[in-house]
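Quick mapping for you: the protein sequence lines, in order, are chains F and B.
Residue numbers for the first sequence follow full-length UniProt numbering, beginning at 1 and rising by one.
Residue numbers for the second sequence follow full-length UniProt numbering, beginning at 1 and rising by one.
These are calculated hints, taken from the structure and not from any lab test.
The structure presented is a predicted model; accordingly, all values stated were derived computationally and were not measured.
Heads up, none of these hints are tricks.
Going by beta-carbon spacing under 7 angstroms, a handful of chain B positions derived as facing chain F:
| no. | residue |
| --- | --- |
| 1 | H261 |
| 2 | V269 |
| 3 | L276 |
| 4 | A364 |
| 5 | L370 |
According to the in silico footprint, chain B covers these stretches of chain F (three or more CB under 8 angstroms from chain B):
| no. | region |
| --- | --- |
| 6 | 1-15 |
| 7 | 225-238 |
| 8 | 243-254 |
| 9 | 260-272 |
| 10 | 336-343 |
Beta carbons are placed, not taken as given, at the ideal position from N, Cα and C, and that holds for glycine.
Here are the chains, one letter per residue:
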Amino acid sequence: MTLLYTEIEEELRASVRALLADRCPPAAVIERVESEPADLDLWKTLAGEIGVAGLLIPEELGGAGAGPGEAGVVLEELGRAVAPVPFLTSAVLATRALLPTRDALLGELAEGRRTAALAVSFAASPYRPQRGSAVRAEGGRLSGTVTGVAGADAADVLLVPVDGELYAVEAAAAVVTAGPSLDLTRPVATVTFDRAEARHAGACDLAAVLRLGAALLASEQLGVAEWCLETTLGYVKERHQFARPVGSFQAIKHRLADLWLDVVRARAAARNAVADPSAVSVAVAQAWNAGVAVRVAEEALQLHGGIGMTWEHPVHLYLKRAKSSEIALGTPGDHRAALASLVGVPGPEGGEQ
Amino acid sequence: MNEADIKQRVAEFLAGHDPAGDRLEFLRARFDAGLAWVWFPEGLGGLGASRELQQVVERELADTPQINGGKQGIGLGMAAPTILAFGTEEQKRRFLRPLWTGEEIWCQLFSEPGAGSDLATLATRAVRDGDEWVVDGQKVWTSGAHHARWAILVTRTDPEVPKHRGLTYFVCDMNAPGVEVRPLRQITGEAEFNEVFLTGVRLSDDLRLGEVGDGWRVAQTTLMNERVAIGGAPTRRGGGVMAAVLDAWRERPELRTHDLHQRLLSLWVEAEATRLSGARLREQLAAGQPGPEGSGMKLSFAKLNQALTGFDVEFNRDLGYDDWTFRRSEDVDFFGRGPGYRYLRAKGNSIEGGTSEILRNIVAERVLGLPSEPRVDKDVPWKDLPR
Ligand SMILES: Cc1cc2nc3c(=O)[nH]c(=O)nc-3n(C[C@H](O)[C@H](O)[C@H](O)COP(=O)(O)OP(=O)(O)OC[C@H]3O[C@@H](n4cnc5c(N)ncnc54)[C@H](O)[C@@H]3O)c2cc1C
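Only chain F is shown next, with the shape it has when bound in the complex (with noise of 0.2 angstroms):
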């Protein structure tokens, strides 16, 4: 087990970047976000050209047989440019929960011909699955609400979790309501099933659905703060201030040097839970990577100065990206309570070991 990339990571990231580069900048992501926030042009690109939505999907199911670690880079390159595709909801959640089932839909998804939505709330978590889901079967129909679901809104497929079964539901037969949401770029949405047309596709074990989410989560949260970090090392080092840069200041530099400290731990506990992503792992990953990521980000708007605060800056997408993934798929206390239990730090009620 290595915490370090492999040459074949490192080769897929270069790619994502370029194209990323190419067709995801900034300007272009705060130019949608108001009008159509998900760009599937750029999701069948990295889908088709790049391979990204088959990642985790094996060779003979149609995909690319490759495995959490080349997930977690793609979603690096994604959490730097808060690129607007579902590459999370559908090609890591949906994907994995239908992993099992060998559906044929994976081959869809692999090939980005389709994308799918996990029909659950981003704010369960691996120990409340359940959390804003209140969904029944009824001879194949299904009928109720899920709060707060993201990637809906670019789904043509919702993966449904009732009962320990998964259900495909064409999103034609649902209804997806998005209000605004904190994160522009990846809204969340009201989906309502009112006795919809069901396929049964198999057994559905959620928590284990949500704790790869949470793991990989952590490389997304991991690329929103560095880009926090280097755009911010950028520009303190070229705004002058009293006739100096203002990055030369100490108060300003052990700030950014506590921050590389905290952003080098989330990159190591990042690449501990993709090549581990067993519960501890990933409970360390999200307690930490998820509070690094808004404090990044907070840091970044704050030594921008008053261009932090324009809407034109895109440092706000960021903020809003990290604000909103800190409570995605178990908040740090979700996880770090997690963990007293995991790692045998009993609370003051836990008595006895």
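Given chain F, put chain B with the ligand in place with the hints provided.
Just chain B with the ligand, lined up with the frame of chain F:
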């Protein structure tokens, strides 16, 4: 050389040497077998192997006589890598073996009353006299000088040039006439460090490490290694100081509170993230990709250690202290003594080996490329600097 080769080497070594026999003989033989530090060259305690393979050796030899990492810390962490990088063949052969076996303990004569963070302003003079140098000056905060046989020493050999350029690095014979060591009692009650007075100390020129005037570059190697040695040691999950805290936590359920529980879990996560980044850094070093993370390791280590030891005292609600006796300590005992000692000793972690402020400057300037502080002393000869 891979893991299997190393394991075979260890097996062959154990076949020929009985760990239950004489401790020193065993350690000497281990050095000669290249199993002291496998990444060092052959003949100097190593096998020229990759650094990560040392872990394999440590595991295989875990139940045999061990060196004393606490007492030998400066020799192992600072003197040895510097001698390896700058020493002559003769110096390497003379010093490395007894350094590793612990037959000779080392200390570090760097800091002075007037030169701490700004180490390059140091004033201890070395003046050449034929084949010898005559050293005069005063050092301070010298850990372990009272049991040291040798010291690494930085001196000023040219006061006419700016501060960084007039330094020369030596190995100092602590038994030489004119070396006087006086204990400095510290915050924990004991005397771990000392003042060292150097008066007309004569050192032969073959104790010089590196070129005359090149002492700053040599010292940089020492300091870089010092920071990795202090902050970068491998630990297991929940190990190190965290283990002491967790033991207390598990044994005393009646002292647990919700607030402490939340804080302990946060510290546990920080410790684990820090441990993983140390593991990642060591992997980078082993693969020959020197990363800039090294200077940051000590910074996170110090912060974490201080938070954990402070937490421990608070959790234990013990207003006592184990022992204030004024004595000269043998080594830094982080695990054999009580929470009060650990709390007080950990305060040194953000000062020794470079303060956390200095390390933040280094990260900001050398890793992140931020502009350096305005320098008022850059082109001024050392002798003209305000003091
Ligand atoms: C337990 C212990 C063991 C030690 N062992 C040894 C040893 O074996 N050998 C040895 O040579 N030395 C040893 N030292 C000395 C140690 O290296 C120095 O104490 C340290 O480098 C700081 O120097 P100083 O004490 O002179 O503090 P100063 O340099 O005077 O610093 C005072 C304060 O000012 C801050 N400061 C200084 N410059 C700056 C700056 N540019 N920007 C921001 N803040 C700044 C410092 O961070 C500190 O908070 C030891 C120290 C301790 C505590």
